[in-house]
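Trainee: Read off the chains here:
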Amino acid sequence: MKRILLQDTNGSLKKELRDFYVSLNSYLRDNGLTDKAQVVVVSNIGVYDKGIVAKVIPEGFVYINLQNASIPDIVQKTILNGEKIEGLVFDKKNKQMRLVLRNCGIIDPESIDDYIAHDGYQGLANALAMGPERVIEEMKRAGLRGRGGAGFPTWMKWNITRGVKGDEKYIICNGDEGDPGAYMDRSVLEGDPHSVIEGMVIGGFAMAAKHGIFYIRAEYPLAVERIQKAIDVCYTKGLLGKDIFGSGFDFDIEIRLGAGAFVCGEETALIASVEGLRGYPRPRPPFPSIKGLWGKPTAINNVETLANVPYIFLKGGEAFGKIGTEGSKGTKVFALTGKVKNSGLVEVPMGTTLREIVFDIGGGVLDNRAIKAIQTGGPSGGVIPEQFFDTPVEYESLQKLGSIMGSGGMIVMDENDCMVDISKFYLGFCVDESCGKCVPCRLGGTQMLHILKKISEGNGDLEDMVKLNQIAQAMQKASLCGLGQTAANPVLSTMKYFDDEYKAHIIDKKCPSGKCASLVSYGINKDRCTACGLCVRNCPVKAISGDRQSKYTIDMAKCIGCGNCYEVCKCSAVVRQ
Amino acid sequence: MAMTRDELNKLKQEAQSKSPRNWIRVGYSTCGVAAGAKEVLEVLTEEVQARNMDVVVKKCGCVGLCSAEPMVEVNIEGAPRVFYGKVNKEVAHRIMDEHVCQKRLVENHIYEI
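Chains as they are written, first to last, in my numbering: chain P, 1 to 577; chain C, 1 to 113.
In isolation and in its complexed conformation, chain C is listed as follows (with noise of 0.2 Å):
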């Protein structure tokens, strides 16, 4: 059962209109699970859960700042796009209140790539 160009399309169009509106990926290569990035995604999974919040949180490869890693991106409406670097659990914590729930960045983790 071979894909069609159309059903290629298709698909895509489909994966670009679930693409959700608010997001958080944690870099989840070899770098990224060496320097801890298991148990960050651990703590913002569950905290999403249990603020039942409209927030997609994804593993994604590595962005390439290997030496600040677990990279953690958030985009939430109402702030800016940023990257999160040496994010452990606590600075992930801080991520859910201060940067999702309250929309002020969080202090001494803002990595520009």
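Next comes chain P alone, as it looks inside the complex (with noise of 0.2 Å):
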């Protein structure tokens, strides 16, 4: 029996949508086919603004704009014949590609035998037989660079550290995910585990390193729990250990957990935090792969850097190189969140623009809203307007634009998110996680939030831009960290593109965006108003007075912004200034 799955986004079968499926029934009924395929109505097929969309499985035949004449064709010639129809089909491609997300949701996470059925630890038994030197020079060929923001090449790192003498070396595996909105590493080391702790011992070979540690934030139980396990079934399978397939070569892995603190993603104060010091950082250099860990060799790379290293051993550095852009190989996995109809993880090759990630992956905006901006790369990264959307997601290629790839969170932002709220979002969360060393950070962040606050209460004058300015750049230059040195960036890179929304809070005390509740003040236009009562029911502070006589009013001294009555008014009578 065939199926012909008819895509319903929105669960709410709309008119077009509906007069085709039971058009589509009855024809099937009536011509007796009932046995031949089943109709299915479906949430998701993948293919956006195209109309009424329709795909026939087994054939997987994506039709698009269809109509009810189209149906006898379906029928007739895909149904009954398996024929492809031209004039309907759309060539659907995937833009995904998954390298890293390669076992998430196929392999059973807490199976090793399952990992080793998708050629788990051939890649290991493979860089084991080159010897470091290749492992190495495979690397290089691969142009793998860290995927935990700043995109050092891999085999650089490995180098460096391997070129240290001393006999005590380690590998440490930053697992300490911490910008908000950012979750790829928890769903690697939850889904794929055994990936990690695979790239980690090569890594650890590379280097002639005998001790890994794993490095996980307290927050991910689950993580923690799968690693540990995962762990436990390579040492009782002799995969970690003594004489690792025979190479002579042992490794030991421990975990570490972070306590909930942002600044111990940073790899001095990650160090810090595994002697068990305060997690502070250091200048540098130098730099832990001379002097890290107890002040020996160390080098520290991301989970997703890790995952992608097994793959590199099993397929060839060559091949891995052929992937993604000239200068960032690779794929890399983005946690699409904000108001994007498909939140959740995507992978794609690098150089795949920001519109196919947000459109035809991510499905386009929640509620078609007008989109305002893309946010990549956390409190460390910007914002990007949609002029720039056609640009090639690389390293470089965002950091040009005043954003970093950074560690994977792209956050979506409608003409519903201000700009100076978001920055005092970020700068507020990089406030809260400063530890407080040095002086620009400490005091530079908190002095930028004042005057954010500032304007965002619409008492702020244009001055207050150069005095944002200066004190970024200043954070920029001469703080200890990478927060610091990066907590101005959402900051500066919404004044840039979005300058006249400051001076919109600042010249108009307006914000255009109805968020900074100082700014707008809220009202029912009683022609319009229906009585219904929505409104009442959604105040949070029981602002809204009247009943269904006389209709109902807002009491603007109680009233604290928050926008509730205004989102949920069906007939446009509450108003916003």
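By construction, these hints were calculated from the structure, which means they are not laboratory data. Misleading hints may appear alongside valid ones.
[What the hints assert, rightly or not] Estimated spans, in silico, between C-beta atoms of each pair:
#, chain 1, residue 1, chain 2, residue 2, range
1, P, G82, C, W23, 19 to 29 Å
2, P, E219, C, P20, 28 to 38 Å
3, C, E107, P, L277, 31 to 41 Å
4, C, E77, P, K93, 23 to 33 Å
5, C, N108, P, R576, 29 to 39 Å
6, P, L222, C, E98, 25 to 35 Å
Don't be surprised by glycine CBs; every beta carbon is placed ideally from N, CA and C.
Dock chain one against chain two, each of which comes alone in its own frame, and use the hints as you go.
Mentor: Right, dumping it as structure tokens:
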């Protein structure tokens, strides 16, 4: 039996789709063909803004912009004869490429047999047979760069650590993922723990490090549990411990938990935290590759970086190097969140454009609102406005736009998001998480936040924007670690691209998006009000009074400007000024 | 007792030969669990046992469509392999009745990834 899948993305069966569904079923029934095909309404086929979309299984033809008139053709040609109808078919390209997430959602993360059945530990066996020099050469050929944000070539990091003399070296997996909205590393640790372990053993072998440490934040209990289980079973199978694959290479792994400080994702603070000290960063150089944990050479790699490594040694560095662009090889996993229809994890080859990620994969903006910007790189990144959405995603191209690739958070913002409010949020995050060791970050961040609050309350003046710029530059130049150096990026990039929004707050004392509570006021237009009472029920501070006869009014003395009434009103009676 | 390359390959073959014909995978990472994957897994496991069917129900990681969790992937002979999203107890029962038993796809919950 064939299946005809009909896409209904918002779950409400709009009239045209309902008609089509009914007509298709009647046609099948009238022609006695109900046993030939089942018509199924589905939530998503992954094709957007193309009218009525259907997919025929098992052929996999995707038909778009369907009309009732095409029903006989679809049934007679495709259902009965398996023919493709050229006039209707849509060539749906899968823009995703699963390399890091190759096993996520496919294998049982708690079963090593399942991992081994999917080529697990084959890459390790290959690497150990090659010898350390050739492992580094292979990594160089692959061109893998660090996925934690900075994009330092992984082979170079390993090679530096390898070149330092010393009998004790360490490799640390940085699983202290803390950017708001980013959770790629958690998913990899939870969904495919063995791949990260395998990558770590290969790294250890390349630089003759015998100890590996997983530094995972304590807020990820399931990730910790699965990594621990995976480590334990590796010991029993002889994949960790002494003489792995008879190569004479010994390797041990242990887990250390992060205690909730964002700054401990910075490598020198992370090392201090592993050593049992307060999570303070220290000036570099010396870099951890030369003098790291316990003063010994230490390579620190991100979870996603290590998850790439087994693939490289399974398929070869050259094959990996063919994916992506000249300067940025391979794929990148993004946590696509915010005002996007399909939020979740996406993995795309480097060089895919932001527009493809948000619209073709993410399905576009929620409620079909206008998109304003995309935020990448979390609190160290910046916002990218719509005119740059066709930029291919690469380390350098995003940096040029004043943002960064970062660890992979990607937050979609629509017309209802206020850029002053957004920069206040990110800066507030960094101020909370600043360790307080160096003055530029500790005081600079706080002062900038004060100014932003002033602007969002309508008390700012144009001089404040100059001050924001000055403090931001001082923080970038003088802060001790990456947290302070990049904390001002969201403010700088919003000021660069959304200068008019800042000026609206400062000069007109208005918040164009209606987010800054002090700058908006709400009222009810009694001519439009149908007295449904929705606003009353959704007001958290009981600022709306009245009844069905006299209709409703908002008491601005009580109103906190949350905008709930405005959002819920179905007849546009609540007005925002 | 280190493993040799040959032993690894033998393990791989054994594991591959044991892979079941009919299976149901439940996304069981933090995103899935938070959305209710635990009770979905329980319902599916109980149903398979109660009906004494040749279907393996197993946990897996997150496939990526976190907004549609809990996700369940179903591969049963005689019906196409599909992902169901936003699965709750009731949908889990329907998957067993309609998809697994009658080989008919369940409406309104299929997602393509």
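Trainee: Can the suggested window of 25 to 35 Å be confirmed for the beta-carbon pair L222 of chain P and E98 of chain C?
Mentor: holds (31 Å)
Trainee: Do the beta carbons of N108 of chain C and R576 of chain P sit within 29 to 39 Å of each other?
Mentor: Check passed, 35 Å falls within 29 to 39 Å.
Trainee: CB of E219 of chain P to CB of P20 of chain C, is that within 28 to 38 Å?
Mentor: holds (35 Å)
Trainee: Within 19 to 29 Å or not, the Cβ separation of G82 of chain P and W23 of chain C?
Mentor: holds (27 Å)
Trainee: Can you let me know if the beta-carbon spacing of E77 of chain C and K93 of chain P is within 23 to 33 Å?
Mentor: Holds: the Cβ-Cβ distance is about 30 Å, inside 23 to 33 Å.
Trainee: Tell me if the beta carbons of E107 of chain C and L277 of chain P are separated by a distance inside 31 to 41 Å.
Mentor: At 58 Å between Cβs, range violated.
Violation of the numbered hints given earlier is confined to hint 3; every other hint is satisfied by the structure.
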